[in-house]
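Asks: Here is what each chain is made of, one letter per residue.
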Amino acid sequence: MTELLTYFLGPIWPAYTIAALVQCALLLVVALCSAAVFIWLERKVSARIQDRLGPTRVGGRFGWLQPPADGLKLLCKEDIIPAAADRPLFRVAPYVSFCATFCLFLALPFANGWVALQLNAGAFFLLAVAGLEVFGVILGGYASGSKWSLYGAMREAAQVVSYEIPLGLCVVIPVLITGSMDLVEIGNRQAGWFYHWYIFHDPFMFCTFWIYATCAVASTNRAPFDLPEAESELVAGFLTEYSGFRWVIFFMAEYAAMFVVSGLGSVLFLGGWNGPIPVASLVGLSGDPSTVAGWLGNLLGLANFIFKAVFGVTCMIWLRWTLPRLRIDQVMTTCLKYCVPLASIMLAGAMLWTFLFSGGVGR
Amino acid sequence: MMSDRPASEIVDFDVHTDEMLINMGPQHPSTHGVLRVALRTDGEVVTEVTPHIGYLHRSAEKIGENLTPRQFLPYTDRLDYLAGMNMNLGWALCVEKLLGQRVSEKTRHLRIIITELSRIASHLVAAGCYGLDLGSFTPFMWTFREREKILNLFEEVCGARLTYSYITVGGVTADLPSGWLGRCEAFLDQFEPVIDDLHALLTNNAIFIHRTAGIGVLEPAMAIDYGCTGPVLRGSGVDWDLRRDGEPIFTDMYEGYTWRVIASTGGQYPQDHPYPPVPPEAVLGDSWHRYFVRMLEVVQSMYLIRQAMEKYSRAGGVVDGPAQVKAKLPKGEAYLETEAPKGQMGFMIISDGTPVPWRVRIRSSSFCNLSVLPELCRGVLVADVPSIVGSLDLVLGEIDR
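Listed in order, the protein sequences are those of chains A and B.
Its first residue numbered 1, the first sequence is counted upward by one per residue in this note's numbering.
Its first residue numbered 364, the second sequence is counted upward by one per residue in this note's numbering.
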């Protein structure tokens, strides 16, 4: 795209700017659409779990217009800023949270080479930026001027910062096996049949996946780790004083983050855009994405990736509506006493495995 | 399995922060209505809990002193509004005790069917809301789905779904509609497997056990000292149920029935149903036991209902209708406690010979059960406060009266 624009525009900088803007707009659409789809999905899945129907009539069948209706309702709500709130911080907090989550989409590859920003340290970038979301929550909780919000913010700080450690350890293991932090490279290394996926690479990787799943749920504040919100204890935690549009922004950040951790998990462990059966390469659609055949194959890969990510999110929804919430000390125990040591053991084990059976780093 | 200390107590933090006073309620999602609890916290640890009540005070007792007993009956529905039938029964029996009146056999069995159904409905709300307090939403919907079916049955009987005024002084307002027993039987048949679902979703869940076992341990002696009753008392292992140990006018109702008072002996429960085992972490008198006692009582109530339905259809005679609205009361006084789902509900009536009582007083079970809250919540985490409040199964309508 950049080459095409350079052809028309001459100098390279406007071409880059326009290309970047277009990509950002595309990603924003992805982020917002995924949030909308997940809101609908959450309503439907939770309803089925609870023996209800969920939305059935909004927009005709299946209540597919429910998310826009929800959004419209929330936008029409009165925008309240508490008297005790720190106004500038209170206003900026949701955007900090959302921007951090949105930046994650920049480095998330949707298919072979289809990534806004192909970084050679993509995994590192994702981990680093994912940690920024916590700032928005802490700011919001602190700026609300409410004790419940402060509790939520402090819990978020404790929880998310702690879970970064095992999450990082889990991410390091596929990186170690690939020998690259480039997520596209990690994904491509798992091409072929499903037993090439990293989750089936060795027993340690298999365990690592489950640790990653636990930590991913915890780092996105989903039940049973939704302590920062904890509606039965903290009213709504850091969201207590938020209403209307700002609340929507926080909400979308949460759903977008769910999509990202699920997508990252699928790239790192579940083959990313590589399906269980390499259909694309069997029918000859693999190859360079700039050719038509390669492009079609990539489209199939995109569908694969989206399916895996959505499936991951569905599992998170399923968990949320099944399990009670942990207590803060139990959350910290799970992280520091179980996840961190286990992830460390898995790291050592995976290192040993690659050393013994694959003759060093890589395959 | 008596232990001196809770199984997992949060003790000995080296770091102390400034104490913070937090107001939980009256508008809080998990204070079960309008309870207000003032928490003094040190970080996440609660050092002191003070319940404040009175937000739902409606002068029920004073109203009772200005109306005849039958006119007061609708107000008893609004005491424990989750078990209106049991409140009706408590008041009706108390007045009948003053009048020295007994109802017919058929009425007796009918009252058991209705009040035990009401007990199931109340315990279902307790279990569902308890799941909600622990952050699990689904059991709440499942229990309310079942409760809806009971409310449908009640609606057929008396036209109301919450405030029934069905069991009245002298009898009941109307006999059962035709075909009702069959529908009740069908409900019980389909409800039995649902209990297992609830056990799978809550009772056996590892997180649920971790959140409830060893939390809010109420020693039997303390439970008796504070006047705790109902499942809260039986959860501490005290074998006491007014349906068996109460006054004759109440216990005679249950004469000829086979059922069991659910109270743990040595931390274990009778195994006449495939109940889940007691987890090793559970300490007698903790939140888990209080919850579990309710779940087992639901099954006992089902046994009672099945027996009562059979006895009802075999009993001859007619169902007693209500007494006259403005009948004169004999001079004297009567006090009667009955076993409501939340505990012992006591009604007192003093009459000076006119149709309107001179004094009416109500003893609330939830009030006494709430009074142990400061003891149970000392040194727990913030998240455990709603959990302990939920395990006590409070209804503020009954506490504030």
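There may be inaccurate statements among the hints.
[To be verified] Derived Cβ-Cβ restraints for the label pairs, each shown as a range:
#	chain 1	residue 1	chain 2	residue 2	range
1	A	Lys-77	B	Arg-722	48 to 58 angstroms
2	A	Ala-84	B	Pro-437	41 to 51 angstroms
3	A	Pro-68	B	Gly-629	29 to 39 angstroms
4	A	Ser-243	B	Asp-615	38 to 48 angstroms
Derived from the structure by calculation, the hints contain no laboratory data.
Glycine residues also receive a C-beta, built at the ideal position from the N, C-alpha and C atoms.
Asks: Which earlier hints can't be squared with this structure?
Replies: 3 and 4
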